[in-house]
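J.: Generate the whole structure from the sequences, applying the supplied hints.
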Amino acid sequence: EDQVTQSPEALRLQEGESSSLNCSYTVSGLRGLFWYRQDPGKGPEFLFTLYSAGEEKEKERLKATLTKKESFLHITAPKPEDSATYLCAVRWGINTGNQFYFGTGTSLTVIP
Amino acid sequence: DAEITQSPRHKITETGRQVTLACHQTWNHNNMFWYRQDLGHGLRLIHYSYGVQDTNKGEVSDGYSVSRSNTEDLPLTLESAASSQTSVYFCASSQDRGTGELFFGEGSRLTVL
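Chains A and B, in that order, are what the protein sequence lines are. If you use the numbering used here, the first sequence corresponds to residues 1 to 112, in order. If you use the numbering used here, the second sequence corresponds to residues 1 to 113, in order.
Hint data in this document are derived by calculation from the structure and do not stem from the laboratory. Ideal Cβ placement from N, Cα and C applies to all residues, glycine included. It is possible that some hints are incorrect.
Okay, the calculated bits of chain B under chain A, using three or more residues with CB under 8 angstroms as the criterion [as the list claims (entries may be wrong)]:
1) 39 to 50
2) 103 to 113
Here are the simulated DSSO-like cross-link-like pairs (lysine-lysine), alpha carbons at most 30 angstroms apart as the crow flies [claimed, not checked]:
3) A/Lys57 x A/Lys42
4) A/Lys42 x B/Lys11
5) A/Lys63 x A/Lys42
6) A/Lys79 x A/Lys57
7) A/Lys69 x B/Lys57
8) A/Lys68 x A/Lys57
9) A/Lys79 x A/Lys69
10) A/Lys42 x B/Lys57
11) A/Lys69 x A/Lys57
To give an idea of the chain A side of the interface with chain B (calculated C-beta under 10 angstroms), a few residues [claimed, not checked]:
12) Gln38
13) Lys42
14) Phe46
15) Phe48
16) Lys68
17) Cys88
18) Ala89
19) Thr104
T.: Here it is in structure tokens:
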């Protein structure tokens, strides 16, 4: 059973067309949900950490929110340079050490 | 600037050969990790280390080993490479165990023929 599911798998937006990416999780005892950005041929780059339902974080055109079972990454008025794959990851439980479950990502393309 | 570097960036090898992927970080982080990334799967943890002489198995550790003799390096060894180990491998480090902020290298693409 997948612990982290991201949707949609791929998203194409016109420049300026706002949208949201979804990350839903089934783990209990969440100890953090994390968003990363990955450009082609590169390693993931950390964006946000969310720890509790209702928490929000913002960075430029990106805003991440968290509920009890999912997180959204809202992209406001995206630009072509926002094109990337966005990954979410969760850490949970007490005895899982520093293990994260990563989702498979949403590939975002912003068309000029 | 501090960084994390992986080498080689690309490698082709044959089934049964031993392969070592290098990872070197200058962040002075205690925590280091190896992940593999495959289509249809998220990043999956292979091994991790919380400090010198400490190593731990991750979700997909079979066929892989690591050693940590200093803070800066965590080499990943495939003892006998298999075609199922064809993948992109990422090394990462973090400042402390509680953080979710991992600093990733640029990846090593390994092809096992």
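J.: Is the shortest C-beta separation between A/Cys88 and chain B less than 10 angstroms?
T.: 9 angstroms, holds
J.: Taken at face value, is the distance from the CA of A/Lys57 to the CA of A/Lys79 at most 30 angstroms?
T.: 19 angstroms, holds
J.: Holds or violated: A/Lys42 and B/Lys57, Cα atoms, limit 30 angstroms.
T.: 25 angstroms, holds
J.: Is the hinted pair A/Lys79 and A/Lys69 satisfied, with a Cα-Cα distance of at most 30 angstroms?
T.: OK: A/Lys79 and A/Lys69 at ~29 angstroms, within 30 angstroms.
J.: Have a go at the A/Thr104 hint: is there a Cβ in chain B nearer than 10 angstroms to its own Cβ?
T.: Status holds, d = 5 angstroms.
J.: A closest beta-carbon separation below 10 angstroms is what the hint needs, so does A/Gln38 meet it against chain B?
T.: 8 angstroms, holds
J.: Between A/Lys68 and A/Lys57, is the straight-line Cα distance small enough, at 30 angstroms or below?
T.: This hinted pair holds, its Cα atoms lying about 16 angstroms apart.
J.: Minimum Cβ distance from A/Lys68 to chain B below 10 angstroms?
T.: Check failed: Cβ of A/Lys68 comes no nearer than 18 angstroms to chain B, outside 10 angstroms.
J.: Taking the least C-beta to C-beta distance, is A/Lys42 closer than 10 angstroms to chain B?
T.: 6 angstroms, holds
J.: With a cut-off of 30 angstroms on the C-alpha distance, tell me whether A/Lys57 and A/Lys42 pass.
T.: Since the Cα atoms of A/Lys57 and A/Lys42 sit roughly 24 angstroms apart, the hinted pair holds (cutoff 30 angstroms).
J.: Using 10 angstroms as the Cβ threshold, decide whether A/Ala89 counts as touching chain B.
T.: 7 angstroms, holds
J.: Using the nearest Cβ pair, does A/Phe48 come within less than 10 angstroms of chain B?
T.: At 9 angstroms from the nearest chain B Cβ, A/Phe48 passes the 10 angstroms test, so the hint holds.
Violation of the numbered hints given earlier is confined to hint 16; every other hint is satisfied by the structure.
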